[in-house]
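Participant: Line order of the protein sequences matches chains W and U. If you're matching positions, the first sequence starts at 1 in the UniProt record's numbering and goes up one per residue. If you're matching positions, the second sequence starts at 1 in the UniProt record's numbering and goes up one per residue.
Among the hints, erroneous ones may be present.
Stated by the list, open to error - List of simulated lysine to aspartate or glutamate pairs, EDC-like, C-alpha gap at most 20 angstroms:
id	chain 1	residue 1	chain 2	residue 2
1	U	Lys623	U	Glu570
2	U	Lys18	W	Glu83
3	U	Lys18	W	Glu93
Derived by calculation from the structure, the hints in this document are not laboratory data.
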Amino acid sequence: MKVSMTVNGIPANAEIDPRTLLVQFLRENLSLTGTHVGCDTSQCGACTVIVNGNAVKSCSALAAQFQDAQVTTIEGIAGPGGELHPMQAAFKECHGLQCGFCTTGMIMCAIDIAKHHPNASEREIREQLKGNMCRCTGYHNIVKAVQAGAANMSGG
Amino acid sequence: MNAPSEHETGIGASVRRKEDYRFVTGSGKYTDDVQIPGQTYAYFLRSPHAHATIRSIDTSAARSAPGVIAVLTGDDLAADKVGGVPCGWLITDVNGQPMKEPPHPALAQGKVRHVGDQVALIVAATYLQAKDAAELIEVDYDALPAVADARDALKSGAPVVHDIAHDNKCYTWALGDKAAVDATFARAHHVTRIELINNRLVPNAIEPRAALAQYNRGDDSYTLYVANQNPHVERLLLTAFVLGLPEHKMRVIAPDVGGGFGSKIFLYAEDVVLAWASKKLNRPVKWTAERSESFLTDAHGRDHATVAEMAVGADGKFLAMRVHTVANLGAYLSTFSTSVPTILYATLLAGQYSTPHIYAEIDGVFTNTTPVDAYRGAGRPEAAYVVERLVSTVAREMNIDDVELRRRNFITSFPYQTPVALQYDIGDFNACLDGAVELADVAGFPARREEAKRRGKLRGLGFSTYIEACGLAPSNIAGALGARAGLYEVGEIRVHPTGSVTVFTGSHSHGQGHETTFAQIVSARLGIPFEQVDIVHGDTGRVPFGMGTYGSRSLAVGGSAIVKALDKIEAKGKRIAAHLLEASASDIEFKDGKFTIIGTDRSVPFAQIALAAYVPHNYPLDKLEPGLNETAFYDPTNFTFPAGAHICEVEVDPETGAVEVAAMTAVDDFGNIINPMIVEGQVHGGLAQGIGQALLENCVYDKSTAQLLSGSYMDYAMPRAEDLPNFKVGSRVTPCTHNPLGAKGCGEAGAIGSPPAVINAVINALSPLGVTHLDMPASPERVWNAIQSARQSAQPSANPAP
Ligand code: FES
Ligand code: FES
Numbered sequence: 001m002k003v004s005m006t007v008n009g010i011p012a013n014a015e016i017d018p019r020t021l022l023v024q025f026l027r028e029n030l031s032l033t034g035t036h037v038g039c040d041t042s043q044c045g046a047c048t049v050i051v052n053g054n055a056v057k058s059c060s061a062l063a064a065q066f067q068d069a070q071v072t073t074i075e076g077i078a079g080p081g082g083e084l085h086p087m088q089a090a091f092k093e094c095h096g097l098q099c100g101f102c103t104t105g106m107i108m109c110a111i112d113i114a115k116h117h118p119n120a121s122e123r124e125i126r127e128q129l130k131g132n133m134c135r136c137t138g139y140h141n142i143v144k145a146v147q148a149g150a151a152n153m154s155g156g
Numbered sequence: 001m002n003a004p005s006e007h008e009t010g011i012g013a014s015v016r017r018k019e020d021y022r023f024v025t026g027s028g029k030y031t032d033d034v035q036i037p038g039q040t041y042a043y044f045l046r047s048p049h050a051h052a053t054i055r056s057i058d059t060s061a062a063r064s065a066p067g068v069i070a071v072l073t074g075d076d077l078a079a080d081k082v083g084g085v086p087c088g089w090l091i092t093d094v095n096g097q098p099m100k101e102p103p104h105p106a107l108a109q110g111k112v113r114h115v116g117d118q119v120a121l122i123v124a125a126t127y128l129q130a131k132d133a134a135e136l137i138e139v140d141y142d143a144l145p146a147v148a149d150a151r152d153a154l155k156s157g158a159p160v161v162h163d164i165a166h167d168n169k170c171y172t173w174a175l176g177d178k179a180a181v182d183a184t185f186a187r188a189h190h191v192t193r194i195e196l197i198n199n200r201l202v203p204n205a206i207e208p209r210a211a212l213a214q215y216n217r218g219d220d221s222y223t224l225y226v227a228n229q230n231p232h233v234e235r236l237l238l239t240a241f242v243l244g245l246p247e248h249k250m251r252v253i254a255p256d257v258g259g260g261f262g263s264k265i266f267l268y269a270e271d272v273v274l275a276w277a278s279k280k281l282n283r284p285v286k287w288t289a290e291r292s293e294s295f296l297t298d299a300h301g302r303d304h305a306t307v308a309e310m311a312v313g314a315d316g317k318f319l320a321m322r323v324h325t326v327a328n329l330g331a332y333l334s335t336f337s338t339s340v341p342t343i344l345y346a347t348l349l350a351g352q353y354s355t356p357h358i359y360a361e362i363d364g365v366f367t368n369t370t371p372v373d374a375y376r377g378a379g380r381p382e383a384a385y386v387v388e389r390l391v392s393t394v395a396r397e398m399n400i401d402d403v404e405l406r407r408r409n410f411i412t413s414f415p416y417q418t419p420v421a422l423q424y425d426i427g428d429f430n431a432c433l434d435g436a437v438e439l440a441d442v443a444g445f446p447a448r449r450e451e452a453k454r455r456g457k458l459r460g461l462g463f464s465t466y467i468e469a470c471g472l473a474p475s476n477i478a479g480a481l482g483a484r485a486g487l488y489e490v491g492e493i494r495v496h497p498t499g500s501v502t503v504f505t506g507s508h509s510h511g512q513g514h515e516t517t518f519a520q521i522v523s524a525r526l527g528i529p530f531e532q533v534d535i536v537h538g539d540t541g542r543v544p545f546g547m548g549t550y551g552s553r554s555l556a557v558g559g560s561a562i563v564k565a566l567d568k569i570e571a572k573g574k575r576i577a578a579h580l581l582e583a584s585a586s587d588i589e590f591k592d593g594k595f596t597i598i599g600t601d602r603s604v605p606f607a608q609i610a611l612a613a614y615v616p617h618n619y620p621l622d623k624l625e626p627g628l629n630e631t632a633f634y635d636p637t638n639f640t641f642p643a644g645a646h647i648c649e650v651e652v653d654p655e656t657g658a659v660e661v662a663a664m665t666a667v668d669d670f671g672n673i674i675n676p677m678i679v680e681g682q683v684h685g686g687l688a689q690g691i692g693q694a695l696l697e698n699c700v701y702d703k704s705t706a707q708l709l710s711g712s713y714m715d716y717a718m719p720r721a722e723d724l725p726n727f728k729v730g731s732r733v734t735p736c737t738h739n740p741l742g743a744k745g746c747g748e749a750g751a752i753g754s755p756p757a758v759i760n761a762v763i764n765a766l767s768p769l770g771v772t773h774l775d776m777p778a779s780p781e782r783v784w785n786a787i788q789s790a791r792q793s794a795q796p797s798a799n800p801a802p
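Just chain W, same shape as in the assembly (with noise of 0.2 angstroms):
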């Protein structure tokens, strides 16, 4: 079947199995490998990118499914000229990754917590962090990066 979408900003169409996951889509079809695969339970997260506005685990949901959908992943957040984007900036600076193989889809989740709750506390961080699984730091500097991404978020 024939499935068009706008991912990044530029359109994206293919002829693709029914079956094929939107994860499969961005990665396989579109080459962007910036959205990774941590599972086949719908756990860990690493697969998050925004759809229409919301964060959404790309492994659990069919390419079909998003028929003219914006889509943006990592790959479609940082400047034209390749300045991160804050929250990016954040883990970078607050050490907020090791293997970086969670981070991807961290960051695009923690774009989604600073959008809808851009005063989050601690707390209430960690508590938005629990779809995302990291094996490698800990979290306690992810929560660092997200408080820190989204204080630069909002001021600009």
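Starting from the known structure of chain W, fit chain U with the ligands onto it as the hints suggest.
Facilitator: Same frame as chain W, but now just chain U with the ligands:
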């Protein structure tokens, strides 16, 4: 942490990581991100039985399914004479016999021995086609009785996992002076005895294992991309020991790797099958584990059942310690599995204490479970858990303060030879404990406990002081202990003509930040900008033969190799400078990026020396070779001994059994620290895994069928942000005495020190109710049950019958 350096990229500065730009922008390249034109997709058909004879495998329907390129089985593998997966460490039994080493065919032959054992490989044009075709394979199994628990496997009449080991024992191994220990116990003032389980864990790096094998017919060579922690070892095992190839015919690339924690050290059966299939089919073959497959096939960690005793004098001095451990090795011997419960465990049982006599005996046991191997800390967490649970139990039984008892028994003079083979070069155990006591505000604990009581909560404080042996080495000792590999590291420094530098290291970064830490060392030493140093790792096609990253060895061993190569660069630079300045090399000093004639202001900057090295006009070419590349191998003279003190404060809800970590404090001595930010991050990650083990994580098999019950993130409780506190982390420094960086290693510390601290805290909270023992994980159910049964058994004495 260390005082910040005045140079913002210098040694001791928390330089932000070089590698992060690519990771935060999604431009990292993990194995599954690699795409090779014409690549095909592999799916492994796996055994649903824990133990069964394979009567027949019918692959005909699968072979003709859409998109299928090949279906291969153990018979095909055997016909091509592909060897089994080898074990890298030979353990010698107490009676001098070599351990039992059963074959581990890469695709099952005749029998399957654990759920997930691989039975057939399906290669197709797409992953979904391969997976669909697997459903069409008919395997006729004859199910056999299975055993999951190692203690059950030792009972007579237990199912036999391998014909060559009818008692299911791979080995019984011992360390220490048994007679001296027994004699000391016989005259001890007090004996404390505990029985405990170190629960089985699944490493769960968030990146699942993956491999992509490509055979190149043009030059009869292979390229293997694989999520792996030590590409050269992977290549050596795969080529020389399994496929029978000269190793230069294979290039192993471990690109960005999404966490390892031990689980990606080993040569896995999948890698063997994929490499073999890529040649057989002359197509690139890619496999990426699904998470449920990772649960079944990534080597698991821990799984010890231990009885431990401590003989104590009236003054609280430890006199002797006796330990018996049954270690589950799983169905096959994974690469390092045999060394973990022996060499890496029993040698650490002295802990930080001057116990004069120690005897440990270990049974390594086969069961019908996934192979068990090194997981973050590998043996050291198991040792620290035994020692620190024992010490806190002694403290309680003898009514001596936890901190005081530890202080009374600390080793205070170094070097110190333990009764279990190691020689600690240096340490200051009181300094770490004092630091932790202060940072955790132990003095304020009674008030916090009272306050919690008013809210109906039980608050507990738990201590642990650990030591570990890192920087796995030296080669000759490792060899004497049965290692089938050397344990040095390599560093190659290539100085380019304009003075920028590329460093090739044999260690491998999968989150540890080597690209930053190593660049800090090189830029500080050569006096060149941090940005002008790049680090290359993880590619046997580019890096000289190194041993990879595990056991916190990267900085102490890998970093030291780089320092040795830098020494050579400096020495040669002096000779070039001497030529340019018309002086003698012995009159040249190198400082702040300049070669200077001592006592003069005549100098040449490093970049100019580099250029001269590659533009050797006017060179005395008979005396001075052009170029400025140097390689060094570093084989240490001893392990390094990071140590520390961890203090955990928990709050237990007696109504639900829920345990909340109210505070977690870690003060560690890692020797000299290059990048405090990175070190703290490593500690955080380790603490999370240790707290996870203590409170949440548990890999559970059905006892009678050996089916894996915790086979996904739905039923294996991974720590999430909500489950963990903020951490209080501090450090004390006693530099390692025998490597040039004075570094010891930090990656495993958190996972070693925290589990006993957490469990000691839970027991401390519950001991007013009479609970004296609890096994990990201290889940709400277990804690609640412990509270209930303590209350029940307390009742008769509280209300004596009339
Ligand atoms: S891959 Fe989507 S939640 Fe794990
Ligand atoms: S940084 Fe490795 S999983 Fe989060």
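Participant: Now tell me if each hint is right for this structure.
Facilitator: Quick rundown of the hints versus the structure:
no. : hint                  : result
1   : Lys623(U) x Glu570(U) : holds (17 angstroms)
2   : Lys18(U) x Glu83(W)   : holds (15 angstroms)
3   : Lys18(U) x Glu93(W)   : holds (11 angstroms)
Comparing the model with each numbered hint stated earlier shows that all of them hold.
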